[in-house]
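Peer 1: From first to last, the protein sequence lines are chains A and B. The first sequence begins at 1 in full-length UniProt numbering and counts up by one. The second sequence begins at 1 in full-length UniProt numbering and counts up by one.
In case anyone wonders, no lab produced these hints; they're calculated from the structure. Wrong hints could be hidden among the right ones.
Straight line, CA to CA, 30 Å or less: simulated DSSO-like cross-link-like pairs of lysine-lysine [what the hints assert, rightly or not]:
#1 A:Lys-218 <-> B:Lys-84
#2 B:Lys-84 <-> A:Lys-303
#3 A:Lys-171 <-> A:Lys-140
#4 A:Lys-209 <-> B:Lys-84
#5 B:Lys-84 <-> A:Lys-22
#6 B:Lys-84 <-> A:Lys-231
#7 A:Lys-218 <-> A:Lys-228
A short list of chain A residues far from chain B (calculated; beta carbon distances all over 10 Å) [what the hints assert, rightly or not]:
#8 Gly-53
#9 Thr-71
#10 Leu-89
#11 Pro-91
#12 Asn-97
#13 Arg-100
#14 Glu-195
#15 Leu-214
#16 Ala-236
#17 Val-285
In this text, all values refer to a predicted model and were calculated from it rather than measured experimentally. Think of the CB as a built atom: it goes at the ideal place given N, C-alpha and C, for glycine as much as any other residue.
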Amino acid sequence: MSSIVSVRDLRKAYAGGFQALKGVSLEIEEGEILALLGPNGAGKTTLISTVCGITVPTSGTVSVGGFDTQTDFRKARDLIGLVPQEINLEPFETVMNTVRFTRGLFGKPRNDAYIEQILRDLSLFDKKDNKIMTLSGGMKRRVLIAKALAHEPRVLFLDEPTAGVDVELRKDMWDVVAKLKDSGVTIILTTHYIEEAEAIADRVGVIAKGEILLVQDKADLMAQMGQKQLKIEVAAPVTEIPAALSNYGLEADGTTLTYTYDTNGERTGITTLLNDLQNAGIQMVDIQTQQSSLEDIFVGLVKEDA
Amino acid sequence: MNLIAIQSIYRFEMARFFRTLTQSVISPVISTALYFVVFGAAIGSRMENVEGVPYGAFIVPGLIMLTVMTQATTNASFGIYFPKFIGTIYELLSAPVNFLEITIGYVGAAATKALIIGMIILATSFLFVDITIAHPLAMLAFLFLTALSFALLGFIIGIWAGNFEQLQLIPLLVITPLVFLGGSFYSTSMLPPVWQTITLFNPVHYLISGFRWSFFGTADVPVGISLIAIAVFTGACMTAIWWIFRTGWRIRQ
């Protein structure tokens, strides 16, 4: 796979001196779904806005499909579709007209059959002649997606597509994203819902305070997440781990024994550990398990940076 | 040149015009008809001819100019301010279009709307007064240039405005007074000499004078100067718009 979006040392300082992006570099592979996770104000929207041409970078370059977004902006923007975070739509226009308008803005000749297909895929077809102001919030969000797809882009940016959206619609949105990926569209979405990144992304990037802290395959992250800890409360404090239990890598802290295991492994070793503990004459009072979630990793990263 | 984009913006803006037909067409026609009734019929019948033209007919060019200027300005300013206000401006900024294409689309639509309304008012005036147009082609040219230049001005106002109040401010506080004081309803020769001189600094005066010449063949200032004035004004607006888009002022951070 080759990268379709290439961000190099992108910096953005706003007039007030606020540094929204502090040297972001990012390669986005063609055909992947990249989730950008970050707290509010991390620079997610600024990054997307800069790639799409809404914000002018202070320094650094962005190329899309090999075209520089500043010097070759027409060719670069041709390839990009943007679904903004806010529901920004002309309230008095009909769905069909507003989507047609976007296609026209991108210089593509009118093709109602194509637009109707998009509307069908987004379950919007029966609303095509409705005025936007009559639609529900979820429907309006779909209209934004339809607009972003109207000019057949190869890269789609979704800025918090499921913010303020109910669970059912969120699942629908994920289905739409999956379908788009199947059709070969590269998707970059920002979110602060970790479960969203888990559900649909191929890779996950974490951004905080204008810097990319990590970009990793979701599978690798999941592997880290697969680590679970079994905490065993025992009756008497354990000062030394008995020799019979040395293989388990137990950590003792007063009356707490901690055992770390891999949920993805064939055997967790829990049954034998409990047997061996009993055989060693250790009396157990309580047992609990803990999972290091993507959220923990994420919070850890963001805190470390602070 | 992204011609399809220009066409799309133009059509989208014209659709707004036709969607609000009552507001767009009926209201200027009614207010103009009222001007005719008050100034033309009620007061005009007691006034002598101005520069050899009956007063009712004399005010026709001024009335058309007043409406075309305010309509071109407000339509263009609203056209670009509204996307800013509701946030759909993101589309324009992320589309493969340059400032020239955006400007042509919005200003072209606003100028067209103003021209349509101007022509409707001209047609309405035939119902009230007896007029002949001495130089029809020059009349259309003046009308077109006025609609274009004031749509450009409106476009700048729309980009500058931060709220609806500011959007109304310039048309209300600047354009309307300039049009009224620029000789829409009188000849400057009727004024005391001091005011005649002051009027020479009013740019709108030159437009109205030139436009009136195209109707009656007489003017307060030579037609050539009127044309130069309108060209300078149009050029200044275009330069301002070019600068706005080059720097991203009030549009692109």
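Peer 1: Is Lys-84 (chain B) close enough to Lys-231 (chain A), meaning Cα to Cα at most 30 Å?
Peer 2: violated, 56 Å
Peer 1: Any Cβ of chain B at or closer than 10 Å to Pro-91 (chain A), or is the non-interface label fine?
Peer 2: violated, 7 Å
Peer 1: Does the claim that Thr-71 (chain A) lies outside the interface with chain B hold up, using a Cβ gap greater than 10 Å?
Peer 2: holds, 13 Å
Peer 1: Is Leu-89 (chain A) truly not at the interface, in the sense that its beta carbon sits beyond 10 Å from all beta carbons of chain B?
Peer 2: Violated: least Cβ distance 7 Å, not greater than 10 Å.
Peer 1: A cut-off of 10 Å on Cβ-Cβ distance, and Gly-53 (chain A) was said to be off the interface with chain B. Does that hold?
Peer 2: violated, 5 Å
Peer 1: Run the C-beta distances from Glu-195 (chain A) to all of chain B and say if the shortest one exceeds 10 Å.
Peer 2: Glu-195 (chain A) is indeed farther than 10 Å from all Cβ atoms of chain B, at 27 Å.
Peer 1: Under the criterion that the straight-line Cα-Cα distance not exceed 30 Å, is the pair Lys-84 (chain B), Lys-303 (chain A) satisfied?
Peer 2: violated, 37 Å
Peer 1: So is Arg-100 (chain A) really clear of chain B, every C-beta pair being over 10 Å apart?
Peer 2: Violated, because the least Cβ-Cβ distance between Arg-100 (chain A) and chain B comes to about 8 Å, which does not exceed 10 Å.
Peer 1: Quick one, are Lys-218 (chain A) and Lys-84 (chain B) close enough, alpha carbons at most 30 Å?
Peer 2: Roughly 38 Å separates the two Cα atoms, so the pair is violated.
Peer 1: Does the no-contact call for Val-285 (chain A) survive, Cβ to all of chain B over 10 Å?
Peer 2: The assertion about Val-285 (chain A) holds, with a minimum of 59 Å to chain B.
Peer 1: Beyond 10 Å from chain B, beta-carbon-wise, is Leu-214 (chain A)?
Peer 2: holds, 27 Å
Peer 1: Does the alpha-carbon distance linking Lys-209 (chain A) and Lys-84 (chain B) stay inside the 30 Å limit?
Peer 2: Holds - the C-alpha atoms of Lys-84 (chain B) and Lys-209 (chain A) are around 27 Å apart, at most 30 Å.
Consistency with the previously given hints fails for numbers 1, 2, 6, 8, 10, 11, 12 and 13, ordered from lowest to highest.
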